[in-house]
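Visitor: Please construct the entire structure, taking both the sequences and the accompanying hints into account.
The sequence shown begins at 162 in the numbering used here and counts up one residue at a time.
Keep in mind the hints are simulated off the structure, nothing from the lab. We treat Cβ as the ideally placed atom computed from N, Cα and C, and that holds for glycine. Just so you know, not all the hints are guaranteed correct.
What follows is a list of derived Cβ distance ranges for each label pair [claimed, not checked]:
{"no.": "1", "residue 1": "H314", "residue 2": "E241", "range": "29 to 39 Å"}
{"no.": "2", "residue 1": "E254", "residue 2": "E303", "range": "35 to 45 Å"}
{"no.": "3", "residue 1": "H261", "residue 2": "E441", "range": "44 to 54 Å"}
{"no.": "4", "residue 1": "A378", "residue 2": "P198", "range": "43 to 53 Å"}
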Amino acid sequence: MEEFRANSGRVGGPFEGGDLLLLTTTGARTGLEQTSPLGYVRDEDGHLLVVASAGGAPRAPAWYHNLLAHPMARVEVGTESFGAVAVPTEGAERDRLFAHVVRQAPGYADYQARVSRVLPVVRLERSFPDAPFTGLVDKLLEVHTWLRDQLRHVVAEADAYFAARTERPGGTGAPPAPLGLQLRQHCLAFCESMHTHHVSEDQGAFPVLAEKYPHLAPALARLRAEHRTVDRIRAELERLLADLTTAEPDHFRAELARMTRELEAHLDYEEEVLIPPLSEIPAP
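Guide: As structure tokens, this is what we get:
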């Protein structure tokens, strides 16, 4: 990893000339950051694909289990570093992408031949474009825009997922791939990002604003209370996602709709209250 970072992603030895990236995940059990050097292949749309092969070991590598628990990851490739949402592919899509990977890197076919488990193919989707920092107001609006877009994405995927499940015989069969893991990962990524955003406000931005603008105390207290309300709904959604295939559609949709109403109202109020004072603070 030191050689990778010191040489813009190029390394020597047995990996010389290979396409490598560094993937930083959050430990499923420890909650600590862990970085793994991995080979990658780009798909037809330019997305980065990594295979949880573990060199043909019978068990998936730790980084894969980390991504199932915490889909938000950090990717370093060449001189570039960006946040990503990790989405394991499923069914026919996985098979098509694995064949694409094997055409670019035939060694993965050997790894698959050694084990009975199906080697997961994970697509690393950029969480949002990395934009230059131009001020606190722009950063707040950037985060809020991403949260709103991600929530709409989750709602659309949930509607498609449950519609597909209802169309199966008896309305209770397993949904067709790839909506299951895709919905789960996007929803978890949204929940984690929203939680991180609110914690950073409660512990960082709000105390600074309260000291500089005492008259904002009632508004900041309301925003903190709304954070707790939204966080309770987030926890319920994550609990439902633990077994998405048997989740009760009406209950899931009701929680998602309540989350949407609460979050939209919260973001609107936060922008109304915070944009004026934030616009007066010089950009660091």
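Visitor: Hint by hint, say whether it matches the structure.
Guide: Quick rundown of the hints versus the structure:
1. H314 to E241: 29 to 39 Å: At 24 Å between Cβs, range violated.
2. E254 to E303: 35 to 45 Å: At roughly 30 Å between Cβ atoms, E303 and E254 fall outside 35 to 45 Å, so the hint is violated.
3. H261 to E441: 44 to 54 Å: Given range 44 to 54 Å: holds, Cβ gap about 52 Å.
4. A378 to P198: 43 to 53 Å: The hinted range 43 to 53 Å holds for A378 and P198, with Cβ atoms some 48 Å apart.
Hint compliance for this structure: hints 1 and 2 are not met, and every other hint is.
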